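*Asks:* Residues per chain are reported as follows:
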Amino acid sequence: MCVISNSFILDDPDLKDIDPTVLKHCHAAAATCILEAGRQKADISAISTCLEDCKLDKERIEQFCTEYQKNKDALEILLGSIGRSPLHITDVSWRLEYQIKNNQLHKTYQPSYLVTLNVENSNSGSHPDVSFSCTMEQLQDLVGKLKDAAKSLERATQM
Amino acid sequence: MLLVLSADHQAHLGCLPRAGGAGGEQAPGRGGTGPESGETGPGRGESGHRAEPRSFGGRTAVRGALCPAAKAPRAPALCVFFKGKLNIGVDIIQHGVEGLVYLLTESSKLMISEVDFQDSINVLGFSDELNKSLLQLYLDNRKEIRSILGELAPRLPSYHSLEWRLDVQLASRSLRQQIKPAVTMKLHLNQNEDQTAQVLQTDPATLLHLIQQLEQALGEMKMNHCRRIVRNMK
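Read top to bottom, the protein sequences are chains L and B. For the first sequence, the numbering used here gives the first residue as 1, with consecutive numbering after it. For the second sequence, the numbering used here gives the first residue as 1001, with consecutive numbering after it.
FYI, nobody ran anything at the bench for these hints, they're computed from the structure. Check before you lean on any hint, since a few could be wrong.
[Unchecked claim] Here are the in silico distance ranges between beta carbons for each label pair:
no. : chain 1 : residue 1 : chain 2 : residue 2 : range
1   : B       : ARG1227   : L       : SER124    : 40 to 46 Å
2   : L       : LYS41     : B       : ARG1227   : 54 to 60 Å
3   : B       : GLY1150   : L       : ALA156    : 42 to 48 Å
4   : B       : GLN1169   : L       : THR135    : 32 to 38 Å
5   : L       : LYS41     : B       : LEU1218   : 41 to 47 Å
6   : L       : THR135    : B       : GLU1144   : 17 to 23 Å
7   : B       : THR1184   : L       : LYS41     : 49 to 55 Å
8   : B       : MET1111   : L       : THR135    : 17 to 23 Å
9   : L       : THR116    : B       : ARG1165   : 18 to 24 Å
These figures come from a predicted structure and were not determined experimentally. All C-beta atoms in this analysis are idealised placements derived from N, C-alpha and C, irrespective of residue type, glycine included.
Isolated chain B, as found in the complex (with noise of 0.2 Å):
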């Protein structure tokens, strides 16, 4: 499946080969502070990673450009710093990281191969080394970004641990000289990157059904129906 990108894109991406004149320059290594430095939405991409001094211009400005702290609300200090490394202006280097961000973004959700790739990159008219150093690019941090991006996606509140602990009543205001046996548990489960705890309590009975629905529940997905969509959707 090939990329489609529109004209805007096509643009801002325009600026890389331009990106001339850094000779033996090194970008900064990863500025700002850390991965967690202004990430805004969906702008969110390649975090961690570092930028490596190259002596060839457009690939210094695409590695430069992966710097987490160019993801800061387009940190203007770092801008300003390519405008004088790179000979460009500020502008121009703002579209060319959004430009790059995207292609990145876009190519890591939809996971094209490295043929598609490579074709819907040709569109650019680039040089062959800058075509390469991009699928690299791709292909390194292909991984994380996809981590990063399931992230965003809707969620449930979902499953931690599990402590339990063994209760029996023996009195109570109402009633005196009660055997009531108890499991009184605390299921902690994270929401948003909070963990909530909360305690719960049943009775052995129950506690037997509970585990009987959910061994069944393990069950299904050893099935043979599980099992034959699992293989087709590949």
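Just chain L, same shape as in the assembly (with noise of 0.2 Å):
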């Protein structure tokens, strides 16, 4: 579970009177509390319900519940981006050269494209791109699978 800083608690002057242990098993509870809910996509009822069941009065429950709702699709975009998963593509950068010659070889006159993908890795957020040099035929067989990809896409959200 991710880490919630409960300082700010701790400095906050209205709560300056409150016991600090107190305090930190309230924030605590109130955190274990929404993240459960957020888990298990509670809709309202069942919080209310759970809440009554620890006793709280009617209208902080109706506090409690109208906060959640505030803040509930912020919560499982939070959640849904916990966990492994490969490294992610945020963008791609290409580069169309046209070579002329190399130390081994004159007169190559060949066009070729160097094509870097921008990736993320989930935990540790940057990674080395991923960068390779192809051929206009070769960067037409990679477009032609990718079209493939998204068409079967399209298809899928149709079903």
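From the two separate chains plus the hints, produce the assembled complex.
*Replies:* Have a look at this one:
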């Protein structure tokens, strides 16, 4: 689970009269409740029932649920992004060059593409990019395959 | 453009007309263990050239020298064989082979025309028949030599193929009841004769963006600017 800092709770001037240990327990309990509700995609009635069992009064339950509703979507996005996945492609850049000669061979006269895929690691955030060179035919092959993937995505969404 | 041969090179090649006395001898066929035997760096040249029987001594030497095994770390056994057949020292044969290799690889690398090649070897003072033989050798092997030299150039990992798969993530430890479509791909690349495969993933929006960008890249080659440059570079 992600680490939720509770320092802002302890520094809040409105709460300075309360025993810090109690404050920490309350914060941890509330955070656990919210995360569990988010994970299970619980609806409002389920959350209310749970809080009633914990002997919270009606007003507090209502406040809690309103706040929860406001932030539910952001919470789901955050929870959904936790976890391992393969390197994620975020962008692509390309370069077209025309080779004239090299020290082994003169008069080569060939166009070639250099493609760089910008990738991101879900854990550490950055990762060296994947670069490769290809001829025009190979790039056409690559684009053809990507288009096939896109077409079957479209077909899948129409099912 | 003429090929300029230094004095050393000319001296090395000078052994060719002297390689007489072979009579009806046959030079050995593809000796050694095939084209892979002992190619060492830039010396790697006429692999796969088959030696043919010739009655004229000089041409025998020329053909025989192009056996792949002759390119092996100065295959002493083969040199000794030639020494026996052609009556000349091992060192001289070695130099002759090296000179011939240099002549052919340089000519192929620079892609010099027939006329230029003939003019370049005229300075060696060989007989017409030998000159014609050398020219024929050059023309016959030029393409293959160039493709081999092409592999020596510095290269980045190059594209080999792509496999893809459509996935939908339904749940994870942190969040139940999801629907998250993704495209998982396996990109096969060639790097210095090793094949590497990398597993990558992307979402549908990025996939469409990739396709659009790469189609633009392909379109560039057909633009007037690129066409003009390609035309004028030849």
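*Asks:* State, for the Cβ atoms of LYS41 (chain L) and ARG1227 (chain B), whether the hinted interval 54 to 60 Å holds or is violated.
*Replies:* For ARG1227 (chain B) against LYS41 (chain L), whose Cβ atoms are near 57 Å apart, the range 54 to 60 Å holds.
*Asks:* Assuming the hint says 40 to 46 Å, is it satisfied by the Cβ distance from ARG1227 (chain B) to SER124 (chain L) or not?
*Replies:* holds (44 Å)
*Asks:* Using the beta carbons of MET1111 (chain B) and THR135 (chain L), state whether their distance is inside 17 to 23 Å or not.
*Replies:* Since the Cβ atoms of MET1111 (chain B) and THR135 (chain L) sit about 20 Å apart, the hinted range of 17 to 23 Å holds.
*Asks:* Using the Cβ atoms, figure out if THR135 (chain L) sits within 17 to 23 Å of GLU1144 (chain B).
*Replies:* Holds: the Cβ-Cβ distance is about 20 Å, inside 17 to 23 Å.
*Asks:* Determine whether the Cβ-Cβ distance between THR116 (chain L) and ARG1165 (chain B) falls within the hinted range of 18 to 24 Å.
*Replies:* holds (23 Å)
*Asks:* Kindly confirm whether 42 to 48 Å is satisfied by the beta carbon distance between GLY1150 (chain B) and ALA156 (chain L).
*Replies:* Holds, at about 43 Å.
*Asks:* That 32 to 38 Å hint for GLN1169 (chain B) and THR135 (chain L) (C-beta), does it hold up?
*Replies:* Holds, since GLN1169 (chain B) and THR135 (chain L) (Cβ atoms, about 35 Å apart) stay within the stated range.
*Asks:* Indicate whether the distance between the beta carbons of THR1184 (chain B) and LYS41 (chain L) respects the range 49 to 55 Å.
*Replies:* violated (25 Å)
*Asks:* Can you tell me whether the CB distance of LYS41 (chain L) to LEU1218 (chain B) sits inside 41 to 47 Å?
*Replies:* holds (44 Å)
Checked against the numbered hints listed earlier, the structure breaks hint 7 alone; every other hint is satisfied.
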